[in-house]
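**Q** Please build the complete structure, drawing on both the sequences and the hints.
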Amino acid sequence: MKRIYLCQDIYFINGTTKRSWPMKVLVVDDEKLARERLVRMVEILDDHEVTGIAESGDDAVRQA
Numbered sequence: 004m005k006r007i008y009l010c011q012d013i014y015f016i017n018g019t020t021k022r023s024w025p026m027k028v029l030v031v032d033d034e035k036l037a038r039e040r041l042v043r044m045v046e047i048l049d050d051h052e053v054t055g056i057a058e059s060g061d062d063a064v065r066q067a
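The sequence shown begins at 4 in our numbering and counts up one residue at a time.
Among the clues, some could well be false.
Stated by the list, open to error - Listed next, the in silico EDC-like pairs over lysine to aspartate or glutamate satisfying Cα-Cα at most 20 Å (straight line):
id: 1; residue 1: Lys-27; residue 2: Asp-49
id: 2; residue 1: Lys-27; residue 2: Asp-61
id: 3; residue 1: Lys-35; residue 2: Glu-46
id: 4; residue 1: Lys-35; residue 2: Glu-58
id: 5; residue 1: Lys-27; residue 2: Glu-46
id: 6; residue 1: Lys-35; residue 2: Asp-62
id: 7; residue 1: Lys-27; residue 2: Glu-52
id: 8; residue 1: Lys-35; residue 2: Asp-49
id: 9; residue 1: Lys-27; residue 2: Glu-58
id: 10; residue 1: Lys-27; residue 2: Glu-39
id: 11; residue 1: Lys-27; residue 2: Asp-62
id: 12; residue 1: Lys-35; residue 2: Asp-61
id: 13; residue 1: Lys-27; residue 2: Asp-50
To be clear, the hints were calculated from the coordinates, so they are not data collected in a lab.
**A** In structure tokens:
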């Protein structure tokens, strides 16, 4: 299995781009049910991590 490094901590292996660290996601939506669904969708992904949940753009900027 040969790794081809694209940049720091990101590499290409077996036809797929991989990261050695999880992608951090801030979920933002004004509807509670949509936020909950988005969080569940992100949690299914093995290389993503929900780091915050916001209900407005202003709230998201404060958390970022």
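**Q** Hint by hint, say whether it matches the structure.
**A** Hint check results:
For the hint pairing Lys-27 with Asp-49, the CA-to-CA distance comes to about 12 Å; that is within 20 Å, so the pair holds. For the hint pairing Lys-27 with Asp-61, the CA-to-CA distance comes to about 19 Å; that is within 20 Å, so the pair holds. Proposed proximity of Lys-35 and Glu-46 is supported: the alpha carbons are some 17 Å apart, at most 20 Å. Simply put, Lys-35 and Glu-58 have alpha-carbon atoms about 8 Å apart, close enough for the 20 Å limit, and the pair holds.
Pair hint Lys-27 plus Glu-46 holds up; C-alpha atoms about 11 Å apart against a cutoff of 20 Å. Note on Lys-35 and Asp-62: the hinted pairing holds, with a Cα-Cα distance of about 14 Å set against a maximum of 20 Å. Straight-line distance between C-alpha atoms of Lys-27 and Glu-52 comes to about 5 Å, which keeps the hinted pair within the 20 Å bound. Only pairs whose Cα atoms come within 20 Å are accepted, and Lys-35 paired with Asp-49 is rejected, the gap being roughly 24 Å.
This hinted pair checks out: Lys-27 and Glu-58 have alpha carbons roughly 17 Å apart, not beyond 20 Å. The straight-line distance between the Cα atoms of Lys-27 and Glu-39 is roughly 17 Å, inside the 20 Å bound, and the hint therefore holds. About 17 Å separates the Cα atoms of Lys-27 and Asp-62, which keeps this hinted pair within 20 Å; it holds. At most 20 Å may separate the alpha-carbon atoms for a hinted pair to count; Lys-35 and Asp-61 meet this at roughly 16 Å.
Taken as a hint, the Lys-27 and Asp-50 pair is honoured in the structure, with Cα atoms around 9 Å apart against an allowance of 20 Å.
This entry does not satisfy hint 8, going by the numbered hints stated previously; all others are met.
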